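We have chain W already, so just place chains Y and A on it with the hints.
Chains W, Y and A, in that order, are what the protein sequence lines are.
Heads up: the first sequence at position 314 corresponds to 314 in the working numbering, and the numbers run straight through without jumps.
Heads up: the second sequence at position 224 corresponds to 224 in the working numbering, and the numbers run straight through without jumps.
Heads up: the third sequence at position 220 corresponds to 220 in the working numbering, and the numbers run straight through without jumps.
Source of the hints: derived by calculation from the structure; they are not laboratory data.
Mixed in with the good hints, there may be bad ones.
Claimed, not checked - In the DSS-like style, the derived pairs of lysine-lysine whose C-alpha atoms are separated by at most 27 Å in a straight line are:
hint	chain 1	residue 1	chain 2	residue 2
1	Y	K215	W	K21
2	W	K70	W	K8
3	Y	K215	W	K95
4	W	K55	Y	K59
5	W	K55	W	K70
6	A	K216	Y	K59
7	W	K112	Y	K215
8	W	K112	W	K95
Note that the structure is predicted; figures quoted are calculated from it, not measured.
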Amino acid sequence: MAEVEYRKVTKRYPNGVVALKDFDLTIADGEFVILVGPSGCGKSTALRILAGLDKPTSGEVCIGGAAVTKQGPGERDIAMVFQNYALYPHMSVYKNLAYGLRQRKTPKDEIKKRVFEIGEILGITELLDRKPAQLSGGQRQRVAMGRALVREPQAFLLDEPLSNLDAKLRGQVRAELKRLHHRLGITSVYVTHDQVEAMTLADRICVMNQGELQQVGTPQDVYEHPANVFVAGFIGSPAMNLVPATVADGQVLLGGYPVGPAPHGYADVVVGIRPESLRIEPDGRPGIPVTVDFHEPLGSHALVHAFVGDASVGVVADHPAAVVVQADADISPHPGQRLTLTAEPKHIYLFDATTGAALSTDQRARVAASLTKPAQ
Amino acid sequence: MASAAAPTDAPPRRRARIFRRLSRSENAVGWAFVTPATVLIGIFGLLPILWSLLLSFQKSDLLTPETPWVGLQNYRQIPGDATFRLSIENTIVYTALFVPGTMIVGLVIAVALNRKVRGIAVYRTAAYVTMAVSTINEAIIFLWLFDPSFGVVNSALHAVGLPQQQWLSDPNEALYVIVMMTIWGWTGFAVVIYLAALQGVPQELQEAAAIDGAKRFTIFRTITFPLLSPASLFLVVWLSINALQLFDEVYLTTRGGPLHSTTVIVYYLFDQAFQQFNAGYAAALAYVLFVVIIVITFIQFRIGNRFVHYSR
Amino acid sequence: MTTSTSPALDSVAAEQPPVVEDNGKRRRFRPHWPSPWHLVLIPITFILLVPFFMMVATSLETLPETRTFPPVLIPHHPQWSNYSHALNAAPFVRFMLNSAVVAIVVVVANLVLCSVAGYAFARLRFFGRGLLFGVLMATLMVPFQVTMIPEFLIVKWLGTNVWAQLGIDHLGALIVPNMATAFGIFFLRQFFLTIPVELEEAARIDGTSRLGVLFKIVLPLSLPALSTLAALTFLDSWNSFLWPLIVINTESHMTLPLGLTTFEGAHNTQFQLLMAGNVFSLLPMLLVFFAAQRYFVRSVAATGLKG
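Same shape as in the complex, but just chain W (with noise of 0.2 Å):
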């Protein structure tokens, strides 16, 4: 039984700065959970206190269904990937591997059996005489996951494993990292910032921001249902379009332009939409107005970054919001030209201009489900 909890663990610092805030979170046996966010936003700290390298100043990390905030972090059956690989330099890579299984007194043919198993699954058999410093990028980091595998632990934590690697490199670790999981089916504890690597790999995204946890959920379910402004503007490439509209007759404005029905006593409302949702109507249909900025061919397609707001009818704001389209490649619009967008009701979103949090009751019931258990 290898679960993991983190039961309201916080860090605060001395100098005031809370690196973690009431962290609760329940991982499965098994489960490969990712936690995701910008710099700063307490996931390198969640990870270490859950690998035992920096103490909660309150809360209790579980794992295995026993509690071990007090042990140390050999005491806890866990492995670690570090970002920069934390190789053992001075040994070779089969006394790296080795290094953590001598600690617990394994028997010499155990050590070499378990060795060339890992070996093999992760093709590093030939490397096993060599040193870290003899070794490439890429080459170093499976190293650096072997010595983790071979001592077979009950949860395995990785720190942004794949941020030292060249883009092409890391679209292949990322895949064979995939093809590991679901051989192995080892319970993962997984940091980055990026987004990308966080839908791909993951079970469950915890989305986290400024030490608080912002969004549990399946990437899918993240994707289409984000609890707040952060985790929508966050999750998604190109980011979402966040965009403050008004609010008149019970009705949300965008540019003048209806969107929607406004909730029940809001008066300022921000609007969502992602760039891939927005259609851009044949001339005269009626739509959001924008006027175009520029655009940029991609191949596949295009994106096209204009401005809400008409300018010819003087409803231009002194602070045009911008928005992000994604169009057919055959599109190119020019600069100042003017376009209407329209959007499927069920691709807006509305969040609350104050607080972030989403705002349709949809929404809102999923994002309270999938915060009290695991989504299995």
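Frame of chain W; chains Y and A shown alone:
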């Protein structure tokens, strides 16, 4: 290397002439820059090295200008010189105690200093301070601390019930007092070296080892200490070279006594040259010492490189 | 492009570009206070500094107090007069002046001559450069004991045949042989090599002479290395004992270590005077050390790391 300002569109012959003029001016400038330092080092460094060799084949008392040639006589005298043999013994004993002693003390203190505690800068400064103390200051302090009648060390022994010692007046103990004195003096240096090396060991490696299940001391033994090996090798070599050349502390405390128990090689050399007026013999001794230092250093590097792990 | 109507939106916009690593924050925090490590550090520091404490304590005692057993650790009435007695017994101020003159001239000379030579070895191409550099570096391998006897003879000759100030028993004999060292050349050359060549090339294209490049571009960028070399050379010169011992005989020409030695010889049973003299002579170097600590530490670490 052609200057960036050289015109490239000039005809070939003219280009060659310009390049030659530029490189010639490099020569002149180069030599002009180097000459003052070279002359000084030449007169006071190279010349003496060669002259010393010459001197070792002569008989000289540093006063009279006549220095008759005696061939290898000075060198042949060396093996039969009992005092010189004694000085070698003393030097070896001293080195064997001083080098590991300083390294261990330096390492222990550096490990203690390698943490981010508030006020750590003060502790570090305190550790470094012995570097600023000159040998005479050191000698005076330790002459006092180890004074047989009134020194603190004897009174501390008395307080614990152990017998008083004669320390620097005791032929069996004097050398060890000098060992302690010099370890104290060199601790600051060793701490600086080890602290710098410790700070070069990434914290992540120790964290990874902790996660792998290693306990504190195991982490130090298997991860940290091996990664300090370049610093350790440097200290072994540097401290040995200095130990083999020990002089100041001996002159300032015991003048080689009592009963030659603290006569080390360089002290004997000094004595021969400037007090016994056997400059030629002293020069021969000096060259022997020189060769010994080179050989020992070479051996240390050879052996050392097999154990030293240079990360990256 | 943020609007004031949506604070939530503003915070999102501010977060967008992830820049610094999460880990950077962890290293900046200040640890808890007080830490249990103080229990280890204080005793160690105390043991290291006990000799100093004893020295200062003794320097303030009366002669009878020093002759008690067990020794008096805290004097009953601090005898500040010990210091004036010591100063009268031997010309300490004179000693310090001599040491200072020698040290300062040696440091300045080294900085100038070794910069110029070091720069030439680093950047200029001239005939015989490699060979000359090798020969100069070889002199570093030879211990002082080999060269000291002939150096004595050379200095003696210079004193009688060139200029008396350079000869035996004069400060010139302490200064001139040390005005340039192979170590200084090596150290500065290594540093100059790390300065990007492009800076110098740009200046030369603008017409600056080699000397100008050295003084206007390279040296200003080399202040850390120069300070470090200055600190090291100063320490070396100030504490130097064997060579002054060989060369200087007259008390009024002695440097501090030598003067202190003579003082010790004359008063070796009057520990309180001895310690007073010792404290007094330690002070200048300690002050310099505290002021320039950074450079001393760096200079030692540099020799260690390059080795």
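Taking the hints in turn, this is what the structure says about them:
no.	hint	result
1	K215(Y) x K21(W)	31 Å, violated
2	K70(W) x K8(W)	15 Å, holds
3	K215(Y) x K95(W)	17 Å, holds
4	K55(W) x K59(Y)	75 Å, violated
5	K55(W) x K70(W)	8 Å, holds
6	K216(A) x K59(Y)	53 Å, violated
7	K112(W) x K215(Y)	23 Å, holds
8	K112(W) x K95(W)	10 Å, holds
Checked against the numbered hints above, the structure violates hints 1, 4 and 6; every other hint is satisfied.
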